[in-house]
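Q: Letter by letter, the chains look like this.
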Amino acid sequence: MPFSSLSEIKTRLDCGETTAVEVAQLYLDRIAAHNEQLNAFVHLDADHVLGQAQASDAYRAAHGVHGARALEGLPIAIKDIFCTQDGPTQCCSNILKDFHAPYDAHVITKLKEAGAVLVGKTNMDEFAMGSSTETSAFGVCRNPWNTDRIPGGSSGGSASAVAAALTPAALGTDTGGSIRQPASLTGITGMKPTYGRVSRRGIIAFASSLDQAGPMTRTVKDAAMLTAAIEGHDPLDSTTVADAPQLDWLKACEQRNMQGMKIGVPKEYFVEGMDAEVRASVEEALKQCEALGAELVDISLPNTDLAVAAYYVIAPSEASANLSRYDSVRFGHRCENPEDLLDMYTRSRDEGFGSEVKRRILTGAFALSSGYYDAYYLKAQQVRTLIQQDFTQAFEKVDVIATPTSPVTAFKIGEKTDDPLTMYLSDIYTIAVNLAGLPGLSQPCGLAQGLPVGLQWIAPAWREDVLLGTASAYEAATDWHKQVPAAFNEISGGKA
Amino acid sequence: MSWEVVIGLEVHCQINTKTKAFCGCSTAFGAEPNTQTCPVCLGMPGQLPVLNAVAVDKTILTGLAIYADINLESKFDRKNYFYPDLPKGYQITQFTVPLVEHGHIDIVTKSRGAKRIGVTRIHMEEDAGKSMHEGLDAVSHIDLNRSGIPLMEIVSEPDMRSSDEAIAYLKNLHQVIRFLGVSGADMEKGQFRCDANVSVRRPGEPFGTRTEMKNMNSFRFIKQAIDYEVVRQIEVIEDGGAVIQESRLWDSVKNESRSMRTKEEANDYRYFPEPDLPPLRVSQLEVDNIKAGMPELPHQLHARFEAEFGLSAYDADVLTQTRELSGWYEALVAAHPADPKRCANWMANELLGRLKEMNKDLAHCPISAQAFAQLLDRMADSTISGKTAKDVLDAMMETGVSADDFIEAKGLKQVSDSGEIDAMIQAIMDANPNQLAAYRGGKEKLFGFFVGQVMKASKGQANPAMVNQRLKELLKAS
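For the protein sequence lines, the chains are A and B, in the order given.
Counting in this note's numbering, the first sequence runs from 12 upward without gaps.
Counting in this note's numbering, the second sequence runs from -6 upward without gaps.
The set of hints was computed from the structure by calculation and includes no laboratory data.
For each residue, glycine too, the CB sits at the ideal point set by N, CA and C.
Computed spacing ranges between beta-carbons, pair by pair:
1. GLN277/B x ASP361/A: 50 to 56 angstroms
2. LYS247/B x ASP361/A: 36 to 42 angstroms
3. LEU373/A x GLU289/B: 54 to 60 angstroms
4. SER133/B x LEU458/A: 55 to 61 angstroms
5. ASP385/A x SER(-5)/B: 40 to 46 angstroms
6. GLY284/A x SER133/B: 53 to 59 angstroms
7. ASP25/A x GLN277/B: 51 to 57 angstroms
8. LEU432/A x VAL246/B: 55 to 61 angstroms
9. PHE75/B x GLN48/A: 39 to 45 angstroms
10. ALA255/A x GLN277/B: 23 to 29 angstroms
11. GLY286/B x ASP385/A: 37 to 43 angstroms
12. ASP385/A x GLY233/B: 36 to 42 angstroms
13. LYS182/B x GLY425/A: 56 to 62 angstroms
All chains should be built: construct the whole structure from the sequences, respecting the hints.
A: In structure tokens form, the structure reads like this:
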């Protein structure tokens, strides 16, 4: 059972074949066995997990099969960026070491209301700034497919945990690819919903105009189930949209619409520099879609090459302001014996933030500073508009766009840490989707030298149904999502 | 060669909403420190702002009252700086596109007459908390109750040429804001705060380098600070120096200002669009509805009081200072419609004078406008004289007694019966034959003597006008 999908576990729970406590215990045992190696979880309170599972079993007993809630008894791991009343919320940063939020993020409240069992906090790049989960203040996280390699980032802990079946599903956040890229590098499914679909309230902000929470799961249907539970207008997040088109999330998966679909293939995403095997895997996947009845259409997204540059102005600019609140005045790390206010600010922040976070704060503050604003921030916003227009024009011709999720497979730990610019290019295929506010989904579509390759789907705003339908069709015709890292697939001893 | 003073003013005015600009915390003044806070106004991780719609409406109302344009789409920006009483490390404000632009306020000063002062913009923003350093040994305390209270920042054009004009502008603005009921505007509570940008130049030349005067919490201090700064700048220039652009703090104890920070030390606020708030959109219909609900403004009332009630400019001025005053006056006229001028005179001079002596405001006046009208009625129908009325008013103010009850109880009713008055006069003439003879012999000064004697005999209750008239006739007759 460890590698079962959420929906499979749900069926077994509904049939009374297992209990939430048994399920929780199974994954707790796996975490106990494997987390030291992977460092996917940075906080876990086993008793608290079992307590939730017991409460869920009690709820199910009291309300019957039909009274069970949408995620009744299902374990979901939580990226350390989501504020939770239970346990610490540290964003994998020393500046928030031992910080306990007095509130739950909106999506955490929704998961609780749906009956989910929240399983610990997962590792991530500090403040979600990174593509490898190497900038975490709590140590690097490892890829279960090859533990010398990174799991991607910033939601690397969630990706690693799902890939190694330490949890059947997890929540991540995606600012420039932080769900999709690690999903791709660990062979799981991850979706970034349309900006404004999911409330950001209680999610520690990195870049407010780009951040979006989403599911990291074993299957497309699981992604739909989890998104259905967390999405929706939040009056306390003014960037969620009150009249967003409502979707029937599970039905969207069942429709499996590949026949007659026009799939746009942007030439700018298949260029020199990408891994040849990754390219081959994605091209093979596209052929398979064609065989399933889809029509491949060559398209152009001409401003693609500007996306990374624009992103690395906009995201750090917003971050530089978002991270100002970590000033040691009200909460968070404060240096010893500050001499005066300035000393308190500078030393506390110097000690609390890691080097990548500092790099981005400085970059952002510079881009916004007087005399440079027009050349950097304003120009980047103009590029953002052009990128949005690229997509708008493309979607006049095609229903959905398919690309690789990452130009390379999981790279080695330490390989890019000294070269931030190369690291930044890890997100070259995912960033434009955030800049345009569109929904994107990554699913496994191959293995290259034993490492997973991801296929990215991009749909028009509010059309997650298109993503889910297309990805479901591909998933139904292939077995890539059933591939699991052999080292973590030992025969389970339990009843499950 | 003379100097010309150039003044522009920035007013930060707290909007009197029940809850803060971006969260549900109370805005009540004077609570225990940090009891009116929540994760949003404390700047906790992941918390997001939600704009207070009432604050928007009140800003629009203020904009309409100064004949400004309302931007149907405006934007919020972040103003970045570090200070312990600014929890997020940035203030949410409106930088590029404010809600209100291009208004004006008309002023009149004795020295320069009527003038129109441009209002560049009114934008919405949030207040910071308060830092307290004094009386604390090597520690600072921070109260974040004020953090997030909605503010309007009202920015004038550099149109004022004297401190008198600046004060006239501020008083007009203050009056309008009080009339609209959009702010308590209590300067002592920091609800209406003014920064003054001051520069001097030779007439016809470009603007000089300006300094920003801060920390003035009364009209008097603002005037003193501006006057001080003008003298200081002129001295600097005439001594061959140059004014440096800086912020200066006014010290109202020492009556001087000192430099707070120079331009070089000033923050680069790194403004950029607030990504947590979509652009603020209001419809023309909403603006029209707000306009339809606008109360009569001070200058409109002023004009109407002059035209409709025949008041002097001075009386109209006094009675339109606040909405309470004009409302009380109109209630008084409604109850005593025969003579609006009498209403104005008696209210402005007698009633307000007594209130001032009692250290009370109109809201706590012991008598109603209707009760006051009864007193005026008794003067109009000659039941009492004006002199008696003042005594009656004293009693009314002191005990709340009605005019009629007091007149009745004290027997103050004026004698206006000509027969009775004639009889009194006859008795006085009979008792003073020498004076009568002298008067009839041409010593007309003695007329006053007879008036006094009759009034004394009547214990002040004889109608003085009738006494005058009857005396003139009876003293002549022989």
